[in-house]
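Numbering (the numbering used here), first residue to last: 1211 to 1367.
The hints are simulated quantities; they were obtained by calculation from the structure and are not laboratory data. Heads up, some of the hints might be wrong.
Unchecked claim - Calculated cross-link-like contacts (lysine to aspartate or glutamate; reagent style EDC-like; alpha-carbon spacing at most 20 Å):
(1) Lys1319 / Asp1295
(2) Lys1337 / Glu1273
(3) Lys1246 / Asp1295
(4) Lys1246 / Glu1300
(5) Lys1337 / Asp1245
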Amino acid sequence: MTFDDDYSAYWVYFVNFVGTLAVLPGNIVSALLMDKIGRLSMLGGSMVLSGISCFFLWFGTSESMMIFMLCLYNGLSISAWNSLDVVTAELYPTDRRGTGFGFCNAMCKLAAVLGNLIFGSLVGITKTIPILLASAVLVGGGLVGLRLPDTRGHVLM
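Take these sequences, add in the hints, and give me the full structure.
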């Protein structure tokens, strides 16, 4: 297989690469700010901002705008994932941390597969439902995360 004449295959991989590069600034920001603003503030704030950026996909009128929104979403959402990893690891006692974290990650992977299947089936019908659903879930989850008590500086199990 060659990609010489297949512009669409090249473009798909290029857009994916650009979207993945957008994760780098999000990783740097989350590494620098996680202990300063708190894990749950980072989680909730980045989820709310991710939901807002996801909502603006609805208004995408050009390919370049959609790529920009993809990069913005990826850059914002990675901070939530990084925060979630830290918060999840802190929830379990040290002797059960590996098992608990592994179980949570397995459930996340299962939910990701189911989410892709559901999202894929809805995209063929309309783009409104998946975008609004994802935006609402992200903003709602972020607002709930902002209401949780901050564990920064507290001795955990």
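Verification of the supplied hints:
Of the pairs offered as hints, the one joining Lys1319 and Asp1295 holds, with about 13 Å between alpha carbons and a cut-off of 20 Å not exceeded. Only pairs whose Cα atoms come within 20 Å are accepted, and Lys1337 paired with Glu1273 is accepted, the gap being roughly 15 Å. Taking the CA atoms of Lys1246 and Asp1295, the gap is near 17 Å; set against the 20 Å cutoff, the hint holds. Restraint check: the Cα-Cα separation between Lys1246 and Glu1300 comes to about 17 Å, which is no more than 20 Å; the hinted pair holds.
At most 20 Å may separate the alpha-carbon atoms for a hinted pair to count; Lys1337 and Asp1245 exceed this at roughly 38 Å.
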